Structure formats: C-alpha cells, structure tokens
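Given these sequences and hints, build the entire structure.
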Amino acid sequence: MKKNLIFLFLFTSIISWSQETTELKVYSFEEVEKLHKKTPKPIVVFIHADWCKYCHGMLKKTFTDEKVITLLNSSFYFIKLNGEEKKNITFLGKTFVYKPNGNFGTHELASELATKRKRMVYPTTTILDKEFAISLQLDGFVNKRKMASVLKRAKKL
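Heads up: the sequence shown begins at 1 in the working numbering, then just goes up one per residue.
Don't read these hints as lab results, they were simulated from the structure. Any given hint might turn out to be false.
In the DSS-like style, the derived pairs of lysine-lysine whose C-alpha atoms are separated by at most 27 Å in a straight line are [said to hold, decoys possible]:
1. K99 <-> K61
2. K80 <-> K144
3. K87 <-> K67
4. K146 <-> K94
5. K41 <-> K94
6. K67 <-> K86
7. K87 <-> K130
8. K80 <-> K60
9. K118 <-> K34
10. K130 <-> K144
11. K25 <-> K130
12. K38 <-> K60
13. K118 <-> K53
14. K61 <-> K41
15. K53 <-> K116
16. K87 <-> K37
17. K87 <-> K146
18. K61 <-> K25
19. K61 <-> K116
20. K156 <-> K41
21. K118 <-> K146
22. K87 <-> K152
23. K80 <-> K156
24. K86 <-> K118
25. K38 <-> K80
26. K94 <-> K34
27. K116 <-> K155
28. K130 <-> K94
29. K146 <-> K80
30. K41 <-> K152
31. K80 <-> K53
32. K60 <-> K152
Computed from a predicted model, the values in this text were never measured in an experiment.
Here is the structure:
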C-alpha cells in the first residue's frame, strides 16, 4: 500500500512539474511607459492581424518557446499589437488612432512601427531601444531559433 502511495505521489509530481511552463508577460503601451520610467528595457512589439496565418503561427510556435519566453520576460517589455486595432492608443504623449481605408484599415501606431521601405507586412516584430527608437524590424514569420538569437543580441540595446 505504501509503495502504491509513493508511486502515485511521484507520478503526479512528475506530471505537474512537466506541465509547468513559464508564461509570457504581455504589456500594453501604457503599462510599458510607466514601467520603463522605473526600469528601462528594450521593447519588443509584435504587430499582427487576426486573419494572418503566419502571425498565428508565431504566436503558437515562436512565442511559446521556453527560451524565447525567458529572454523576453527577463530583458524586454513585450507588447502584442493588432495592426487593425480600432481603439485609440496613447504612447509617448501622442494618441494614435485607427485609420479606415474602405473595408479595411490600419492603426497608426502599427503603421509607424511596422512600415519598412514604405511597406507594411504582417507579422512584423519591432524592437525599440531604451530611448524608444526603432532599432530592428523583422518582417514575416520568425522561428524560435532565430528569435532567440535576435533577442540575445538585442538585449544589449
């Protein structure tokens, strides 16, 4: 009987331990502005759209990787921004709004952070340095290995 109880205890402990995952901390622009005053860190902004399959792929594969999560949580502020967000966002003293264009539209802040060579692509991962300047823009799908590599270099910004 004791052996069964010990086995059951160890088995459930192992299962619960193996299911523990680190959760990615996601902030809003307003939260980051406040936190940045106390603890300046580079900011990673993931600009996505609801209809974008590559965006969903990064959310499921890249941003669930333990190494990527650990790097983001320890050295960056991470923000997810829907490029078609309709609510106003105030950041760095400026209010950014949604700009409709026929049946579609783009949020001004997404456009500002994701436009590269006069073109905006979903997904785009933008890294802002500690002074809020764009230091890097990665457009398209970025796998977990490349993202971890980029974050290791970018945490020195």
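key: Given pair status - K152, K41, alpha carbons within 27 Å   = It holds: about 13 Å lies between the C-alpha atoms, which stays within 27 Å.
ask   = Given the hinted pair K87 and K37, is their alpha-carbon gap at most 27 Å?
value = Roughly 24 Å between the alpha carbons, so the hint for K87 and K37 holds.
ask   = If you draw a straight line from the CA of K87 to the CA of K67, is it 27 Å or shorter?
value = 32 Å, violated
task = Compare the distance between the alpha carbons of K80 and K53 with 27 Å, and conclude whether the hinted pair is satisfied.
result = Answer holds: K80 to K53 is near 16 Å, not above 27 Å.
ask   = Is the hinted pair K118 and K34 satisfied, with a Cα-Cα distance of at most 27 Å?
value = 31 Å, violated
27 Å Cα cutoff - pair K118, K146 = 25 Å, holds
Pairwise hint evaluation, K144 against K80, where the allowed Cα distance is 27 Å at most = 17 Å, holds
key: Proposed proximity, K152 with K87 (alpha carbon, max 27 Å)   = 33 Å, violated
query = Does the alpha-carbon distance linking K61 and K41 stay inside the 27 Å limit?
reply = Measuring from Cα to Cα gives roughly 24 Å; hence the hint holds.
request  = Take the C-alpha atoms of K80 and K60, compute the straight-line distance between them, and say whether it is at most 27 Å.
outcome  = Distance of about 13 Å is within 27 Å: holds.
query = Has the given pair, K130 with K94, been kept, meaning a C-alpha gap of at most 27 Å?
reply = 18 Å, holds
Satisfaction of hint between K152 and K60, Cα-Cα up to 27 Å = 21 Å, holds
Checked against the numbered hints given earlier, the structure breaks hints 1, 3, 4, 6, 9, 12, 17, 22 and satisfies all the rest.
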